[in-house]
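Participant: Each chain is listed here by its residues.
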Amino acid sequence: MSTTMETRSTDERAATVLAGAVASSTPVSPAPVLILGATSAIARALAHEMAHQGHRLVLAARDEAELNAVSADVRLRFNIDVAALRFDATDFSSHPSFFADALQAFPEGLGGVILCHGLLGDAMQARSNRDLCRQIIDVNFTSAVSVLELAAAHFEAHGAAGRAFICAISSVAGDRGRQSNYIYGSSKGALTIYLQGLRNRLFPAGVAVITIKPGFVDTAMTWGLLKPNSPIVASPQRVARDIARAIRRRSNVVYTPFFWRAIMRIIKSIPEPIFKRLKL
Amino acid sequence: MARSVTQDISGWGNFTVESCQLFRPEKLGDVRHILADGGQPTYVARGLGRSYGDSATNAGAGVILGERLDRLLAFDPLTGELECEAGVSLAEIINGFLPRGFFLPVTPGTKFVTVGGAIAADVHGKNHHVEGTLSKFVRGLTLLDGTGRIIRCSHDEDPDAFWATVGGMGLTGVILTARIQLLRVSSAYVGVDYRRAANLDHALELFGDEDQAVRYSVAWIDCLAKGASLGRSVLMRGDHLPAADLPDHLKANPLTLARRPRTKSIPFNFPGWALNRLAVRTFNKLFYAKHKDERKVVDYDAFFYPLDGILHWNRMYGKRGFVQYQALFPTDRSRQGLRELLELLSSSGIGSFLAVLKSTGAAGKGFLSYPFEGHTLALDLPNRGARLSELLAQLDAAVLKHGGRLYLAKDSCMSAETFAATYPLLGRFKEVKNRLDPNHRFASTQARRLGIVEVA
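As they're listed, the protein sequences go chains D and E. Numbering-wise (the working numbering), the first sequence opens with residue 1 and increments by one. Numbering-wise (the working numbering), the second sequence opens with residue 1 and increments by one.
If you are wondering where the hints come from, they were derived from the structure by calculation, not from laboratory data. Honestly, I wouldn't trust all of these hints.
Think about it this way: if two alpha-carbon atoms lie no more than 25 Å apart in a straight line, the pair counts; the simulated BS3-like pairs of lysine-lysine are [stated by the list, open to error]:
| id | chain 1 | residue 1 | chain 2 | residue 2 |
| --- | --- | --- | --- | --- |
| 1 | E | LYS365 | E | LYS430 |
| 2 | D | LYS227 | E | LYS27 |
| 3 | E | LYS319 | D | LYS227 |
With the hints as extra help, turn the sequences into a complete structure.
Facilitator: In structure tokens, the structure reads:
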């Protein structure tokens with residue numbers, strides 16, 4: 001796996017800076033956080049939120065040019081150490097060495113993982129294009145299991161501090177299957193259930209597992225499909241603030257914006273004999 | 001196919017509203033993809049939409065929004081050189097780098113513009129008479145041209161592409177990234193001398209006298225004053241204050257503002273009668289009366305961006321919008337030219353709020369860059385339909401007569417003939433545009449109006 005890391009040299013600088021900081025009794029900065037799919041609009045906004053709170057970051061994504069741009073941006077805006085690691089979600093066999101590299105990026109290892117990558121795909125195409133269908137499931141679900149199992153095992157074994165967390169962006173679309181995007185929806189639904197189980201498993205180890213269910217967010221994924229200034233479309237910054245708060249509070253399941261919880265409660269409550277006749 | 005949104009957009013003046021296909025790349029690679037696969041005959045890049053007229057609209061065709069391509073890429077604290085994507089706003093640069101002791105080398109009167117937009121308009125600031133336009137401080141840029149190539153250009157590398165792109169209003173391609181030389185400062189404050197000028201002659205005299213030595217100078221001018229008071233104005237001249245010269249209570253944190261000024265917002269379009277002649281006249285009188293000849297310490301926000309504190313201030317002009325008119329006259333003609341403009345204005349009955357007068361220094365090398373040595377006057381004119389068109393025709397005639405020109409970033413109404421007559425390097429610009437954009441992929445409504453591109 002190719003890595004784009006400047007951390008070897010920046011680590012040394014960080015160490016001296018940190019030593020100085022400790023000497024002047026400034027509070028030690030919070031543990032580094034790994035963000036997967038760091039080049040998406042939500043992930044970028046979230047990286048800004050986390051950096052603003054003082055977290056050093058390991059940013060991971062497939063497109064290296066974009067990853068380097070995003071990393072440089074966070075580094076420059078927040079004057080904080082950022083490591084960039086290439087991550088290919090669907091190259092499952094690369095995940096163990098990738099995660100090992102992510103743990104090595106900073107001397108303190110990792111305090112949390114946030115999974116942001118996802119693929120909407122064209123729902124109509126996905127019905128007939130078997131490769132696309134498979135890709136949607138792999139990106140949204142299989143890859144999450146593959147990489148988060150590694151994180152879970154690590155935090156279970158080493159998360160003694162009891163502050164570690166795993167956060168993943170699922171979707172309201174995973175709450176109920178609908179004809180308009182059931183392949184994407186079911187991949188997110190599977191992710192939601194996986195996270196449920198993981199939360200249950202990691203509770204004794206004191207590791208929080210946070211499921212984020214965004215509604216419509218104003219990103220490249222929805223651009224051109226919805227009116228961008230529609231009141232039900234949230235900005236990535238808004239969603240990122242909600243995610244950062246959920247992580248701080250170690251919440252279980254968070255809908256963002258909040259009103260989606262009510263909307264989805266109604267949608268979930270419709271009996272199947274009626275629901276199957278609806279055009280949703 | 002790259003997805004787009006059909007939306008009615010306009011410039012900051014809300015003067016003409018046009019339906020355009022909006023694309024919004026989030027990755028640099030998306031821009032090329034849009035150009036190849038967006039399905040539109042032409043495209044123009046748009047930043048924060050602060051050009052007043054139709055520079056960043058493209059009726060019935062593509063507009064590429066730069067707002068998500070806003071990453072800071074590199075900064076050298078030793079030299080002060082910043083590399084960033086074109087969608088970064090000047091406000092973000094100030095927020096990020098003023099605390100580290102750097103300010104913009106050139107800034108227009110609003111910080112809510114993008115780097116790409118500022119370069120495309122080759123903006124000038126209150127320091128034009130000593131420092132020139134922004135392009136002087138652009139160390140290099142990358143441009144996606146009409147053939148889908150990404151080219152690098154600077155003062156030394158492919159200078160033709162560079163001097164066509166700065167001031168080129170987005171017509172040579174999409175500016176992707178730029179390297180800008182920031183200015184080292186030691187405080188966030190400006191020491192300002194206020195001087196009242198009783199009339200235009202007095203103001204020009206003050207500009208001429210002491211101007212060259214001072215980094216920043218500008219005058220707010222009352223366009224409704226008549227007769228002996230024609231051109232009555234308040235001159236402001238200043239420079240960044242060294243931290244050591246700050247008053248004691250500001251010395252502890254010289255690079256951050258003591259208090260964030262509260263941002264106000266105009267929540268809706270004012271009705272048409274709100275901005276009547278009496279209101280404007282009263283405001284202008286008060287403004288002149290309020291300022292004494294004095295020296296003050298002013299924070300950068302209040303000095304450079306007085307209107308940025310009021311979000312959506314363009315709504316003050318109501319639903320019909322307004323045009324901004326910025327004219328420039330060469331030094332030897334400016335007294336007459338300005339006098340004629342002011343006389344036309346004060347007899348027109350179309351009230352302008354405070355207008356801005358500024359002396360400009362030598363012209364830069366941008367083929368379509370606006371400033372040359374002289375004096376420039378900028379003012380807002382509310383849309384009064386036919387009365388406005390009539391006034392604009394008279395103003396344009398006066399500008400032509402006295403060897404002047406209009407600023408493209410402000411222009412909404414100029415004719416192709418006036419443009420061609422006042423921008424002598426247009427031919428040179430077109431040659432370079434043809435090389436960079438042989439298939440005419442870049443156009444805007446303004447470019448069609450001014451005859452810079454063929455009307456399909």
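Participant: Each hint needs a verdict: does it hold in this structure or not?
Facilitator: Hints, one by one, checked against the model:
no. : hint                   : in the structure
1   : LYS365/E with LYS430/E : holds (15 Å)
2   : LYS227/D with LYS27/E  : holds (21 Å)
3   : LYS319/E with LYS227/D : holds (22 Å)
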